[in-house]
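Respectively, the protein sequence lines represent chains C and P. Under our numbering, the first residue of the first sequence is numbered 1, with each subsequent residue one higher. Under our numbering, the first residue of the second sequence is numbered 1, with each subsequent residue one higher.
Any given hint could turn out to be false.
[Said to hold, decoys possible] In the SDA-like style, the derived pairs of lysine to any residue whose C-alpha atoms are separated by at most 25 Å in a straight line are:
id : chain 1 : residue 1 : chain 2 : residue 2
1  : P       : K109      : C       : R128
2  : P       : K119      : C       : I87
3  : P       : K20       : C       : I87
4  : P       : K41       : P       : H89
5  : P       : K4        : P       : A74
Hints are computed from structural coordinates only; laboratory data are not their basis.
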Amino acid sequence: MPSESAFERIQDELQNAATALVEEGDYGIAGFVWGDAFEPPEDTSVFAVLGFSGDAVKGAIVIGAERAVAAKLVPEGFCDGEPTDDIVCDQMGEIANQLLGRLKNRLLAGGVVLSLATPTTAIGRRVRFTLGAEASSRTHVIAWDDGQVFVRFDAVFAPEFELGDLDSAPEAAMTEGDMMLF
Amino acid sequence: MGAKVLVVDDSMMIRTQVSKALAGAGFAVVQAGDGSEALKKLDAEKDVSLVVCDVNMPTMNGIEFLESVRASEAHAAISVVMLTTEGQHDLVQRAKSLGAKGWIMKPFKPDLLIAAAKKLTAAA
Chain C
1 MPSESAFERI
11 QDELQNAATA
21 LVEEGDYGIA
31 GFVWGDAFEP
41 PEDTSVFAVL
51 GFSGDAVKGA
61 IVIGAERAVA
71 AKLVPEGFCD
81 GEPTDDIVCD
91 QMGEIANQLL
101 GRLKNRLLAG
111 GVVLSLATPT
121 TAIGRRVRFT
131 LGAEASSRTH
141 VIAWDDGQVF
151 VRFDAVFAPE
161 FELGDLDSAP
171 EAAMTEGDMM
181 LF
Chain P
1 MGAKVLVVDD
11 SMMIRTQVSK
21 ALAGAGFAVV
31 QAGDGSEALK
41 KLDAEKDVSL
51 VVCDVNMPTM
61 NGIEFLESVR
71 ASEAHAAISV
81 VMLTTEGQHD
91 LVQRAKSLGA
101 KGWIMKPFKP
111 DLLIAAAKKL
121 TAAA
């Protein structure tokens, strides 16, 4: 298990990553809040699961939203008419990918190196995600007027897991949106 | 029609958004969903000048694709630029050592992508 402070710092960085992703992305989300009051969606919903592993940690993030909300996250003008299930699922998968990518890049500064899997998406009603006995988990919610997206972080930590000072190496990774030509 | 670009990403959203940006700037665009499919597309489409390629993909990832391209006499001269969420400097250096021409962090800025594509296809 990581120290409580290390786990909480990871949750803080997850919030920072989600905030930056929403603010910089073309998702049509305005005036959102980040919270921990989570109600599992009951209507048909879309989910994306993305695993990760490192030397002393492994786990996954799960993001989910009711289908009607997830459909609004598809950029306007992307498709003619309403987005299909495939498009909505793909968008959620890419959101999970960019969210975990941002978290990964931030944790590099603290000496934590994660390898990311590729997203798996699902669509259905009353879907519940179980948790392994050894895993630590926290569920957050990004909420705004048009709906909410939940973000769940699950991880198993080895006893030797350490998270260094995240502000000690601000250039540990390239910055999102930047480009380098060789 | 301008130079031909192959866009490689397992996300349909990203492939479409990148393709739209490049097509709007006059490029001809073809797509592939992973590195293995991209190699087949390079064999089928003889005049690809530039590949814009994700890193984390199923079947064959972007680094493995880069290794295959560099090992292929037919494709070794094609410019490849990576478009990814990965920001680790050692991964960037690995791609550079394999002959990649650039590294773009998602979410991409269309004007930067287009400028890079114009520069890299003009040099070809």
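Going straight from one Cα to the other, do K119/P and I87/C come out at no more than 25 Å? Roughly 32 Å between the alpha carbons, so the hint for K119/P and I87/C is violated.
Given hint I87/C paired with K20/P - CA-CA distance at most 25 Å: Holds: K20/P and I87/C sit about 16 Å apart, inside 25 Å.
Under the criterion that the straight-line Cα-Cα distance not exceed 25 Å, is the pair K4/P, A74/P satisfied? This hinted pair holds, its Cα atoms lying about 16 Å apart.
Quickly compare the C-alpha distance for K109/P and R128/C to 25 Å and report which way the hint goes. This hinted pair is violated, its Cα atoms lying about 36 Å apart.
Check whether the Cα positions of K41/P and H89/P lie no farther apart than 25 Å. violated (29 Å)
Against the hints set out earlier in the document, violations occur for numbers 1, 2, 4.
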